[in-house]
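Number of protein chains: 2
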Amino acid sequence: MDKGNNLLLAGKLAPELKKWTVPAKDVVDLVKSPKPWQQVAAVPAFPAEKLPDQLLARGGRIVLDFGETLVGKVRLRLECLRSIDSPVKLKLLGAELPYEAAGDPETFESGLGRGWLQEDMITVCELPVEIELPYRWSLRYLVVDVIAAPRTRFSITRAEVIAQSSAGQELPAPLPRWDREMRLIDEAGSRTLRNCMQNFPEDGPKRDRRLWLGDLRLQALVNHVTFRRYDQFERGIRFLAGCTDERGMIPAAVMMSPEPHGSSFILDYSLIFSRLLLEHCRFSGSWELGDELFEAAEKQLDFFRAGLDENLGFHHPGGWLFIDHCQELDRTAPMVCAAIWSAETLAELAGQLNKSVGKIDSLKQKADAWRKALRTSSFDPELGMLRSGYERQLSWASQIWGTLAGVLSPEEARAALAGLPKMPDAIGPQTPYLMHYFLEACRACGAEELLENTIRRYWGGMIRHGADTFWEAYKEGDDFYTPYGDDPRNNSACHAWSATPGYFLRTRD
Amino acid sequence: MDKGNNLLLAGKLAPELKKWTVPAKDVVDLVKSPKPWQQVAAVPAFPAEKLPDQLLARGGRIVLDFGETLVGKVRLRLECLRSIDSPVKLKLLGAELPYEAAGDPETFESGLGRGWLQEDMITVCELPVEIELPYRWSLRYLVVDVIAAPRTRFSITRAEVIAQSSAGQELPAPLPRWDREMRLIDEAGSRTLRNCMQNFPEDGPKRDRRLWLGDLRLQALVNHVTFRRYDQFERGIRFLAGCTDERGMIPAAVMMSPEPHGSSFILDYSLIFSRLLLEHCRFSGSWELGDELFEAAEKQLDFFRAGLDENLGFHHPGGWLFIDHCQELDRTAPMVCAAIWSAETLAELAGQLNKSVGKIDSLKQKADAWRKALRTSSFDPELGMLRSGYERQLSWASQIWGTLAGVLSPEEARAALAGLPKMPDAIGPQTPYLMHYFLEACRACGAEELLENTIRRYWGGMIRHGADTFWEAYKEGDDFYTPYGDDPRNNSACHAWSATPGYFLRTRD
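Chains A and B, in that order, are what the protein sequence lines are.
Just so you know, we're using my numbering here: the first sequence kicks off at 41 and counts up by one.
Just so you know, we're using my numbering here: the second sequence kicks off at 41 and counts up by one.
These are computed hints drawn from the structure, not numbers from a lab.
Incorrect hints may appear among the rest.
Mimicking DSS-like on lysine-lysine, the simulated pairs with C-alpha atoms at most 25 Å apart in a straight line are [stated by the list, open to error]:
#: 1; chain 1: B; residue 1: 59; chain 2: B; residue 2: 43
#: 2; chain 1: A; residue 1: 90; chain 2: A; residue 2: 65
#: 3; chain 1: A; residue 1: 399; chain 2: A; residue 2: 339
#: 4; chain 1: A; residue 1: 113; chain 2: B; residue 2: 339
#: 5; chain 1: B; residue 1: 399; chain 2: A; residue 2: 131
#: 6; chain 1: B; residue 1: 131; chain 2: A; residue 2: 131
#: 7; chain 1: B; residue 1: 395; chain 2: B; residue 2: 339
#: 8; chain 1: A; residue 1: 113; chain 2: B; residue 2: 113
#: 9; chain 1: A; residue 1: 58; chain 2: A; residue 2: 131
Since the model is a prediction, treat every value here as computed from it, not as a measurement.
Whole structure, please, built from the sequences with the hints as guidance.
As structure tokens, then:
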């Protein structure tokens, strides 16, 4: 595999960004009370068409709602009666959620850094003026604080977002088979993907604006049932393949600046690369890329095998294991399962590519051996569930990945997945990422009712909390959960790994 | 006079702005102590060439000194070792003086408004990057506060100002006849004018960035002995003539947006228009403009005469009288003197334009009559000085303008001007604007030594306090004086009306 060539081909697949203009819909009040999600609601005050009538003075504040979450550049037109005796100075804050809009950036202290807050300050010496911010933001709300204004005051006569996506504005037509709730969920997932489809498929357009392997595989699923921009996923796959490290490990993330390079290495993500590749070939119907990158994908198993002892027990080989944002999670069993699933995937891909029977069998044998070893060491026959690690930890992650890897039989899996909510001691999921794999496990073992109920409960929960794109972090009942320090404004509220319910809804038999 | 035609011709004289690049000279510490002007000194810490070695983290601060006050756009290059895990966010503050640099914009509460503070916030998601701010600032210092930074930190590898002026970068060669102190004063005046010469001659490039008649006349004097860009002063004069009000009054200021229009009307400024016109014709050698605008200039006397009673006593006719930023100043006597001076000027212009003897005599007669009436009502023979108004107020302004108007004889004037500093009860000057007229009065009555000493003391004082351009507001011994509320950060530190000592130095016989 030629890394440089992959980067070259990735570069050639740079998309044209489609743009469209969305005017502000409402001026809203940010109302704090115990009831709404994160204790802040955006309550419509008056339609944005009436903005020109609002004379603004120093100390004034306008909060705009664009009606849906968008990715793009804010454009404002400011006017005054005749001329101004002193400049207008505004502080601007773009926000995906009301809580983010209601917070003072100056109090942002922790986690990933205030750099991710979408802030700007503009000073205007002459009116009328039309300003397009230099920043591409992800926002539904825009907070405009008037820091300075002329004595004659001024007004915002136009406020809009020049929205952009490589997938265009239009979301797919709604699903005829589903009810209103499911249609809203499907739509929010499509919008999430659309907003992440920028110069390349990003994890989240607010944060990290990066190509992450774990996100890419999940958004590829949604893409297949919505925009079908397979070219953009070939671009993503080639970026990953072009940024392997000197050992051949596929990176978990690619950073594009100053030139594309791998920035994190996560073993479970590397193992999933094979699945991303197989599905891409199947979805797009073009298997050449699979042929080209088969060896690179297979190579990832080596990094897993480096952690196996002579009894095929897995020990942390160093580096980053993800599975979920959860510090206490024991990742042993899920990691072995991810490797089994990867080997099975590679065997399937090898079959499609007409590789030798020996190659296919060797992969299947690996999967079988690891499956057998894990079952022996970790299956709890009393519970009918997998335990993980020395401390025999019980977790959702183990049952989910045990299902996908076939370590649990379909019957065992259905019972285990259905039984988890009744086991409060089992380490639960922290992110929609692991929740996606819960859905995937349901589908794999035929637990369609559980799958549907989970979508209604979990993703439907975000909708009921006001979401129109799905969130990076969502723990039911915990409004202020964040995996990063203690300020939930760190979280991305439009995140690719959360976008997948539509995939399951649209591929239901 | 055709207003529209004047605006048309003013528009055609739009200058090409010459640009040049000035790299930061030093990184400085802002050191507070009782000794320096406004109790803050900018003390060099290390040369700016060493900036790339400084790794910056959140909470860091860099203060740059560009070595001289400049007008232009800041350009920064930011780099890091390889890539960044989170964005860089900077707050930027451009400042003309160390005190302005040392202050927190958030504490700016009063006066003309925080809109005039030169602030920006930038957020950068990818490094390396080169940023040119969208704002034209007037600055010598740039304060860079690091609000957010990646864990790997970053550095500023280049910092420069793309400076601009319609007069170009070069200041005139130093004066051979004068010593180092006077050369520095002359240079600071030239730099002040250069920095004010933008799309049109501005009063101050930080504030108000406006065409003010009072400033224009004074900067025209300096222009004559430095850049000789008479086209730009014709442009200014035509803007003023194109923005008279419906009565024919010349405005004190022109605002350019949304289209040129008069924004303030000040009687003493309107009266000075004649002087601006005469001097422009004389300096440029082209008298056509004088011919074209003679009547418009003469018309201004009508607005003065509206305030005269049957005994030629002057009463405030309403509107704004300036003379100086000084609330307690009685403007009666100075206003009459300004009118006398204007009438004399018009008589002189009429002579140059070969107007009728009747016209010339009529103007001279007006001047004589007003002079005589004022002398009768206001001259205090005991002091040998003019008093002003009902309360017979004693002020510098009355003696200065009384000298220019010939209400005081040259001998009386020399004695009066020399005697003022010994009269603490006399209302003193508050701005370099009135101090300019003190110099002009000295020149008019032949008090050259007093003129020279005043320049050394007053303008030299600014130099000794660290100025390299002259200030809008300067009261000796009062570091925090401002005519606007109580925050001296309102003040402009590069102001046309303060730029004139070089005119006197370069026209000394």
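Hint by hint, here is what the structure shows:
no., hint, in the structure
1, B/59 x B/43, "32 Å, violated"
2, A/90 x A/65, "10 Å, holds"
3, A/399 x A/339, "13 Å, holds"
4, A/113 x B/339, "52 Å, violated"
5, B/399 x A/131, "59 Å, violated"
6, B/131 x A/131, "12 Å, holds"
7, B/395 x B/339, "16 Å, holds"
8, A/113 x B/113, "23 Å, holds"
9, A/58 x A/131, "28 Å, violated"
Consistency with the previously given hints fails for numbers 1, 4, 5 and 9, ordered from lowest to highest.
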